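Visitor: Build the full structure now, drawing on both the sequences and the hints.
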Amino acid sequence: NAGVTQTPKFQVLKTGQSMTLQCAQDMNHEYMSWYRQDPGMGLRLIHYSVGAGITDQGEVPNGYNVSRSTTEDFPLRLLSAAPSQTSVYFCASSYKSWAKNIQYFGAGTRLSVL
Amino acid sequence: KNEVEQSPQNLTAQEGEFITINCSYSVGISALHWLQQHPGGGIVSLFMLSSGKKKHGRLIATINIQEKHSSLHITASHPRDSAVYICAVPHGGATNKLIFGTGTLLAVQP
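For the record, the sequence lines run as chains A and B. Residues in the first sequence are numbered from 1 upward in steps of one, following my numbering. Residues in the second sequence are numbered from 1 upward in steps of one, following my numbering.
Source of the hints: derived by calculation from the structure; they are not laboratory data. Fair warning: this is a prediction, and the values are worked out from it, not measured in the lab. Relax, there's no trap hidden among the hints.
Here are some chain A residues pointing at chain B (derived, C-beta under 7 angstroms): (1) Tyr31; (2) Gly42; (3) Leu43; (4) Ile102; (5) Gln103; (6) Phe105; (7) Ala107; (8) Gly108.
Using N, Cα and C, we set each Cβ at its ideal position, and we do this for glycine too.
Guide: Now the structure itself:
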């Protein structure tokens, strides 16, 4: 079982460059989300989706864009990278029902913006 | 005041000790999550609980909804338990959107 697959694992960007972090899950989960993790802070929600075609902003959405064209995929786009976006990014998925809301995480992407 | 607070922030224990990590929250919730993040960075869900107690191996999670408090206990701790333990609660009634604590860094020494 693949679970939640994130790529790439590491990335270095220059300020102003754009890139897409990929996230795919094979568990038919309705809910998918992107978090960033910074030292001394808890995971913070960037964007989330409750199903194909439906996305919404989380706590820290500025500078990021998402789309959900299929149940399986939920890419995160950095439009113009800034040093403040240096972070570790996690994708997660779960069933929409709160009773089955165990979240499954990808392995993370460590991003450095120079 | 953070909506989710964990204590202690750092904890060092000797192998075999009984460990308790605490989580307090300020919002009404339907369920609380405990997660584990290993030094390699991967995050794994340990428990989701809405009342009482759950046990999985040497891990026990308890929750008191009235007091807005949860504890994670590790019995007979082992160096492989060394990790960051994170609690999280749903945000604003939207049960999938979680607010995370900053984590408790546990080091179990042999």
